[in-house]
Amino acid sequence: MSEPAIDIRAHSAVAPQPLMSARGVCFDAGGQRLIDGVDLDVLPGRCTVIMGANGSGKSLLLRLLHGLLTPSEGSIAWRGRPLDRAARREQAMVFQRPVMLRRSVAANLRFALSVRGVRGPERKTREAETLTLARLDGLKDRPARVLSGGEQQRLAMARAMISAPKLLLLDEPTASLDPASTLAIENLIAQARESGATIILVTHDAGQARRLGDDLIFLHGGRIAETGPVVRVLDAPRSKAAQAWLSGRLFVPNNP
Amino acid sequence: MESFSAILIEAIGLILSWDADVIEIILLSLRVTLTAVAVSCVIGLPLGAVVGAFRFPLRTGVLVAMNTLMGLPPVVVGLMVYLMLSASGPMGVLGLLYTPTAMIVAQTILVTPIVAALTRQVIEDLNGEYAEQFESLGVGRLDRVLALLWDARYSLLTVALAGFGRAVAEVGAVIIVGGNINHVTRVMTTTIALETSKGNLQLALALGLILLAIAVVVNGLLMAIRGTAARAAYV
Chain P
0 MSEPAIDIRA HSAVAPQPLM SARGVCFDAG GQRLIDGVDL DVLPGRCTVI MGANGSGKSL
60 LLRLLHGLLT PSEGSIAWRG RPLDRAARRE QAMVFQRPVM LRRSVAANLR FALSVRGVRG
120 PERKTREAET LTLARLDGLK DRPARVLSGG EQQRLAMARA MISAPKLLLL DEPTASLDPA
180 STLAIENLIA QARESGATII LVTHDAGQAR RLGDDLIFLH GGRIAETGPV VRVLDAPRSK
240 AAQAWLSGRL FVPNNP
Chain D
0 MESFSAILIE AIGLILSWDA DVIEIILLSL RVTLTAVAVS CVIGLPLGAV VGAFRFPLRT
60 GVLVAMNTLM GLPPVVVGLM VYLMLSASGP MGVLGLLYTP TAMIVAQTIL VTPIVAALTR
120 QVIEDLNGEY AEQFESLGVG RLDRVLALLW DARYSLLTVA LAGFGRAVAE VGAVIIVGGN
180 INHVTRVMTT TIALETSKGN LQLALALGLI LLAIAVVVNG LLMAIRGTAA RAAYV
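Sequence lines, in order, name chains P and D.
Counting along the first sequence from 1, when you hit position 95 you're at 94 in numbering that gives the first Met the number 0, and nothing is skipped either side.
Counting along the second sequence from 1, when you hit position 100 you're at 99 in numbering that gives the first Met the number 0, and nothing is skipped either side.
Among the hints, a few may not be true.
Claimed, not checked - If you only want the chain D side, here are some residues facing chain P, beta carbon under 10 Å, derived:
| no. | residue |
| --- | --- |
| 1 | R143 |
| 2 | A228 |
| 3 | A231 |
Stated by the list, open to error - Quick look at which bits of chain P chain D covers, simulated, 3 or more residues with Cβ under 8 Å:
| no. | region |
| --- | --- |
| 4 | 92-103 |
| 5 | 194-205 |
As the list claims (entries may be wrong) - Beta-carbon label-pair distances, calculated as ranges:
| no. | chain 1 | residue 1 | chain 2 | residue 2 | range |
| --- | --- | --- | --- | --- | --- |
| 6 | D | Q120 | P | D83 | 52 to 60 Å |
| 7 | P | R134 | D | A229 | 33 to 41 Å |
| 8 | D | V61 | P | E89 | 34 to 42 Å |
| 9 | D | Q120 | P | G116 | 45 to 53 Å |
| 10 | P | P120 | D | L221 | 34 to 42 Å |
| 11 | P | S194 | D | R230 | 35 to 43 Å |
| 12 | D | R225 | P | R237 | 30 to 38 Å |
| 13 | P | E89 | D | A130 | 37 to 45 Å |
| 14 | D | N218 | P | P43 | 53 to 61 Å |
Source of the hints: derived by calculation from the structure; they are not laboratory data.
Model, not experiment: these values are computed from the prediction.
Ideal placement from N, C-alpha and C gives every residue a C-beta, glycine not left out.
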């Protein structure tokens, strides 16, 4: 078994147990290997950024880590146990295109709580707190699907955060958002971290990676091309794929 | 034979006079149809939602059966219900033949597949949009069905109205199991058939116009519901 791509135990005096581990994870579809032998450890409290070109497998890897897809080979463990439905309830994911239920903003939040069994006064309190946190108080009775793109993504973040997940998986949450909406989402991510959540963030935005990330995984062709602290990888990439991508050049495997 | 215009004028006169017999027939029609549609919704909505939201063995067979049953010939349904409820039938002891209840049973059998099949289509489309988010949130099976039914509520209202349209215009089954007994099981469609055969075209046309008006109202409601839902971005 190869060494995991991300393992910050080297940075810590006391080695924490990984929140999540992937070993030799592969995923095949349509006769093609789309994720190829990914190893990684996600440690509690860190923000791991996944970057790479379109089609490199970032979103696919995120879905595998969240248990929405099953690896063709390899295994993913959550706190040392197999990733199952119960484990997924300790996580939350925000998709690139937020899925809004056909109901009000507040009802979208209530739904996330009710499926977790949170009811009564506690549900009301958490709903109100989260609406305030996401600056959605004034929109709480509005149908979620008439919100702007930025507001919908804020609601998606709020819905993910309302159940206080231990791991928050974010798939390009600020793609196609304006700077103000991006800042609002980044503030929410920062608040989630302050609350103790571990973050895995897929982004194309190197600035965002620097602002939010601790560790960086650079994916290329479904494989991990490079990993390390965000600043080091972005400032001095070692792999050809990361160098080419960061310099804005197209990198074709086997023909650099 | 009177001219069409004369019959039409007399028919309109009948409607405007609020004839007690006509009112009784209309009310019985609505009672039978609305009850049948309500029962069909109680059965068909969850059935369609489950088939639309989940994959399970023999699902394709269930889909084929549901779609086939949508086209059930009413007279065949009437005959089957008649055989079940007749004195020598397995449910003859209930004494339901030639009662409004028998008509409700027949209409329910006709409308339930329509409600279930259309619900399945609506829910399957919505589930395609929601499935990954539901998986991510860890939504259980019951919560999933209830959430899909709730979020598709406007589309499902149009499904119920489609079922109503089918039931209220139905004649073949209800005439067999109801018997078209005056003041007992006489509804609009069976009365139209009977009065036309008797040559009493004024009453037949009056009821036909009312049936048409109901169809217009139902379609108007459909449009209004769709418009309201679209404005609220709920479709």
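Tested hints:
Annotation: R143 of chain D was flagged as interfacial toward chain P, and the flag holds, the nearest CB pair being 9 Å apart, inside 10 Å. Evaluation of the A228 of chain D hint against chain P yields a held restraint, the C-beta minimum of about 9 Å falling below 10 Å. With its C-beta approaching chain P no nearer than about 5 Å, A231 of chain D sits inside the 10 Å limit, and its interface hint holds. By the rule of at least three residues with a Cβ nearer than 8 Å to a Cβ of chain D, the coverage given for the region 92-103 of chain P holds, with 6 such residues.
With a cut-off of 8 Å between beta carbons, the region 194-205 of chain P has 0 residues touching chain D; three or more are needed, and the interface restraint is violated. Under the hint 52 to 60 Å, the C-beta atoms of Q120 of chain D and D83 of chain P, about 32 Å apart, miss the expected range. For R134 of chain P and A229 of chain D, the hinted distance range of 33 to 41 Å is not satisfied, since their beta carbons lie about 28 Å from each other. As the Cβ distance of V61 of chain D to E89 of chain P is approximately 35 Å, the hint placing it in 34 to 42 Å holds.
The hint said 45 to 53 Å for the Cβ distance between Q120 of chain D and G116 of chain P, and at roughly 32 Å that hint is violated. At about 41 Å, the CB distance of P120 of chain P to L221 of chain D agrees with the hint of 34 to 42 Å. Distance hint for S194 of chain P and R230 of chain D: a CB-CB separation of about 37 Å, consistent with the stated range 35 to 43 Å. A hinted range of 30 to 38 Å for the beta carbons of R225 of chain D and R237 of chain P is inconsistent with their spacing of about 58 Å.
Judged by the Cβ atoms, the range 37 to 45 Å given for E89 of chain P and A130 of chain D is violated: they are separated by roughly 20 Å. At roughly 59 Å, the beta carbons of N218 of chain D and P43 of chain P sit within the given window of 53 to 61 Å.
Checked against the numbered hints above, the structure violates hints 5, 6, 7, 9, 12 and 13; every other hint is satisfied.
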